[in-house]
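Please work from the sequences and hints to get the whole structure.
This is what each chain is made of:
There are 2 protein chains.
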Amino acid sequence: MAKAHVIVRLKTEVLDPQGDAVRRALERLGFEGVKGVRIGKLIEVELDDAHAADLKPRLEKMADAMLANPVTEDFEVVID
Amino acid sequence: MAKAHVIVRLKTEVLDPQGDAVRRALERLGFEGVKGVRIGKLIEVELDDAHAADLKPRLEKMADAMLANPVTEDFEVVID
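Protein sequence lines correspond, in order, to chains Y and W. Our numbering puts the first residue of the first sequence at 3, with every later residue one more than the last. Our numbering puts the first residue of the second sequence at 3, with every later residue one more than the last.
Don't read these hints as lab results, they were simulated from the structure. You may find that some hints are simply not true.
It does not matter which identical chain is used: a pair holds within one copy or between any two.
Said to hold, decoys possible - In silico DSS-like pairs for lysine-lysine, Cα to Cα no more than 30 Å straight-line:
hint: 1; residue 1: K58; residue 2: K5
hint: 2; residue 1: K58; residue 2: K37
hint: 3; residue 1: K43; residue 2: K58
hint: 4; residue 1: K13; residue 2: K58
Below is the structure:
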């Protein structure tokens, strides 16, 4: 079994209201000094061995086609 | 500015319907051999320099208190 993961982050110029809500909640809980929180996704993918070749370009195609929204998000493929 | 991130994953024994939906969608798009997809969160935190000491235990407390649900999720703190 081949494993890889795709990290999907909001582009830096895109506002992250979910991250801001978490930052404020951390403040309310007494955690000081938190300047910013950004929330992204970690998508872990398992492929069978017959499809383990060219894992990186294969995963990049998946991310491009579906896992990330190219308008608002950047992605990074990591082979485990 | 100190940076760290928290990776939050569903515990392995917890079903991931969102991941399953992504797996099926990848199949429908023609991506073969995808055996499993699990979706987690990547929470990137920036702290000011006055709070940069003991970053790992500080982030672990945040994750424990709020960023992860200890019943269904595991987390991992990584200092950037």
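Checklist line | K13 and K58: within-copy, between-copy, both or neither at 30 Å Cα | finding: Answer is both: 21 Å inside a copy and 26 Å across each meet the 30 Å cutoff.
Check: Is it within a copy, between copies, both, or neither that the alpha carbon of K43 lies no farther than 30 Å from that of K58?
Finding: This pair counts as both: shortest intra-copy Cα distance 18 Å, inter-copy 21 Å.
Checklist line | Within, between, both or neither: K58, K37 at alpha-carbon 30 Å | finding: For K58 and K37, the Cα distance is within 30 Å only across copies (16 Å; inside one copy 34 Å).
Item checked: Same-copy or cross-copy closeness of K58 to K5 [CA-CA at most 30 Å] -> Close inside one copy (10 Å) and across copies (27 Å); limit 30 Å.
This entry satisfies every hint, going by the numbered hints stated previously.
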